[in-house]
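Colleague: Top to bottom, those sequences are chains A, B and C. Using the working numbering, the letters of the first sequence map in sequence onto residues 25 to 321. Using the working numbering, the letters of the second sequence map in sequence onto residues 414 to 772. Using the working numbering, the letters of the third sequence map in sequence onto residues 2 to 221.
Rather than coming from a laboratory, the hints here were simulated on the basis of the structure. A hint or two may mislead.
What the hints assert, rightly or not - The calculated label-pair distances, taken between Cβ atoms and stated as ranges, are:
1. 219(A) <-> 210(C): 40 to 50 Å
2. 115(C) <-> 474(B): 26 to 36 Å
3. 134(C) <-> 533(B): 29 to 39 Å
4. 115(C) <-> 751(B): 24 to 34 Å
5. 483(B) <-> 15(C): 37 to 47 Å
6. 16(C) <-> 483(B): 52 to 62 Å
7. 497(B) <-> 16(C): 37 to 47 Å
Beta carbons: idealized from backbone N, C-alpha and C, even for Gly.
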Amino acid sequence: MRKKFAEMMLTVAVAISLLVGCGAKEDSVQTTSEEDAKANEVVPEEDAEHLTTDNEAVTLHIFAAASMTETLEEIQKMYADVAPEVTLVFNFDSSGTLKTQIQEGADCDIFISAAQKQMNQLDISADPEINEEGLDFLLEGSRVNLLENKVVLAVAEGNPSGIMSFEDLGSDKLQLLALGNEDVPVGQYSTELLTNLELLDKLETDGKITYGSNVKEVTTQVAEASADAGIIYATDAFSAGLMVVDEATEELCKKVVYPAAILKNTQNQEAAAAFLEYLQTPECMEVFARVGFSKAK
Amino acid sequence: MGLSVDIRKDLGDFILEAKFETEGGVTGILGASGCGKSMTLRCIAGIVKPDWGRIVLDGEVFFDSERGIHIRPQNRHVGYLFQNYALFPNMTVEQNLMTGLLSYEKDKKKARAAVEEMIERFYLTDVVSHRPTQLSGGQQQRAALARILLSRPKILMLDEPFSALDDFLRWKLELELLEVLKDFAGDTLFVSHSRDEIYRLCDQVCVMEKGTSGRVIPVRQLFEKPSTKAAALLSGCKNYSRAHLEGGEHVFAIDWGVRLKYQGTWTEPIQNIGVRSHYLHPIPKAEANKKENLIHCDILQVIEDVFSIVVMARPKAATTNEPIRIEVSKEFWQDFSQKEGIEKTIWVQVPPEHIMLLN
Amino acid sequence: MDWYPLWNSLRIAMVSSVLVFFTGIFAAYYVAKLHPVVKGVLDVVLTLPLVLPPTVVGYFLLVFLGPRRPFGGWMLDAFGIKMVMTWYSGIFAASVVAFPLMYRTARGAFESFDKTLAYAGQTLGLSNTYIFWRIQMPACRQGILAGAVLAFARALGEYGATSMIAGYTPGRTATISTTVYQLWRTDNDALAFRWVMVNVLISTIVLLAVNLLERRERRR
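Just chain A, same shape as in the assembly:
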């Protein structure tokens, strides 16, 4: 629900910004005529340049994994004090959807994916087996590993099925396990984890797995005890208020890294770089840590 609500607010925000934008356009017409007037007064060149770069409002479009919704919205408020001229517009969705949107030409300055796969698919320097289409969307040298997330086993409040660990998933305690589908990053880690435990095939043939199309669906199904357990991110378990009974070790599945990069065709490279830099500051990391993220090593 919270995500839906956030979307609704975003729509409202976009609508308002459009309205304000119209108003601002008139304003900008006035300012340009003022600037013209100033230009006629023969202002020294450096001063004129100074005027335009410092005061120009910048809008950054940030496509981020849905699991970052709460934290990024908080950081947005903080950033308003740091760089008031920068307006941050977020598009939260599953990383696969975001990747498709970018690929189809969506207006985006920074992409933060919940897995390396989608980032690699847009990175020309990545393994061509992953970037099959040879897409070149990232600004060279801008890609960084921003955050780390943990894959956890979550159960409903009170843990009615008594599942205590990943190993328990092979027992009769489990009737239905909720996973994200393979396109949702958590889904890829989940299948990797279950394969390592040699449980995936058995659970699939027993019809004990239900695939959700987004993390929200998985968390709701677990919270309502419709499924006995779910494999999700620590951050999602935290925001859904789910009970975490086990954490995946590095032997069970590879590290969950959130990479971030600036898009090649950004119009606001400087502002984007500044914001990406800001995201890695201790202040921001504190915000991320609060919901279960840690700084990527």
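Knowing the structure of chain A, use the given hints to seat chains B and C on it.
Modeller: Here is chains B and C on its own, set in the frame of chain A:
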């Protein structure tokens, strides 16, 4: 026996107050459209529940607000012919007729035979398997009547049965309907806004005005001696003047500004007098001083109608702008205007026996 | 190609269309008779599933039918019936989402029905049941049929609410729509497209059948 209605219902725009009794025969309910005629029929049929009152047919109480009686329409056995005939569009003529006896005739063979008989009686043989939309207006009406008669109604209620038809068909169907009504044993209510239809088809009539019904009177009386201006209007009388009685069989017509002699005895107070257009006789100027009951008028307009000439004129002593209407035959007018020449004024005689005193 | 989703989708769509057919007509018939104010309020409530995002509808359904909630818990305790994450959970999702389509079209049809036909039936002594099924329903046939077809198509294509309360377990709760979505998300576009064609084919067959019936009916 007969139908007795005494009901009241708030219809928002006006209050329906229908009170009348019939004793056999065809009773017309005459009124302008939207005066509550159809609503009265709906109350009798049980489709609409009155706020207050009592409806009794042949001793059977249909509705009694005091005793909390409201019989379902299904149990009232009322034959209601709707304005649009209400044939079921998804059924053939035969199937439509079958619904008429569905409620009581369980024997399929008998039912079929009865329907067969009606089909012949109402000349529907050629269209038995047609849908209502494929029928002419007349066939629709006959089918609807046949269906109603098959349901063995205790009373027939016909709601403007000719309003959906063109003039030519109307005549033919009126004759057919007259036959049906003659054969029907129970009471018939005939609702119409046409005084001509009422005159030709009904034995007695009840005039309805803005939701309020008048007394049931013989049809002839309505046309010869209407007692109110509303009844006179509905009977087709066009000329009215406010009036008061004076001694010695005289009345003073206020709007026309003349004193007129009338025939008969009258003691009740009156508000108006009325004279039908064709009872007003133009009189040659030369005879004007020899005759009584004359009105001297200015001619406003002479209108040629299909079979007659209508002269619109205003009495010289008139106190209102309302003209009077004089109707004469074309032959008379040709003769009259030749002899008299084209005049701006005209003398009109009002026969005392044709002055209607109205209250 | 595993045909389970086809079979599952068909039974869900059929059962929910039948459910919605009767409940929609029932609701339309009674709501049309109500006081205008009550009618307006009920109208909004009954149409809500049409305007809400299906995922939200699914969420409400999950909250209502989940084993931790009063109703879902009672069904599980008293009858051992699990209301969510089963194949028939899809019926609840499809029914709720398709209901407004049936209800609204049926109501429109009932409102344009010539009431004098019903009155005539009553004065002829026909029972109200007969009048409703044999006169009013046939007269409103076009609208009701349109509603039923819309409801069936919507039920067949239902995704959001179904995914929420039935999940996607291959061979158990998978429907054509959830299968298409999963296949497409996992980059199996070719197979997804085949399932889309199956869906289109079914809808086309249903529409053609209805049109054919209509035409034959008219010719009679």
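Colleague: All the hints need checking, so say for each whether the structure fits it.
Modeller: Here is how each hint holds up against the structure:
Against the hinted window of 40 to 50 Å, the Cβ-Cβ separation of residue 219(A) and residue 210(C) comes to about 46 Å, which satisfies the hint. Range check, residue 115(C) to residue 474(B): about 31 Å between beta-carbon atoms, so the 26 to 36 Å window is met. For residue 134(C) and residue 533(B), the hinted distance range of 29 to 39 Å is satisfied, since their beta carbons lie about 31 Å from each other. Checked against the hint of 24 to 34 Å, the pair residue 115(C) and residue 751(B) fails, with Cβ atoms roughly 58 Å apart.
Distance hint check: the CB atoms of residue 483(B) and residue 15(C) are about 44 Å apart, consistent with the given range 37 to 47 Å. In this structure the hint that residue 16(C) and residue 483(B) lie 52 to 62 Å apart at CB is violated, the actual value being about 42 Å. For the hinted restraint 37 to 47 Å between residue 497(B) and residue 16(C), the CB-CB distance of approximately 41 Å keeps it satisfied.
Violated hints, listed in ascending order, are 4 and 6; each of the other numbered hints is respected by the structure.
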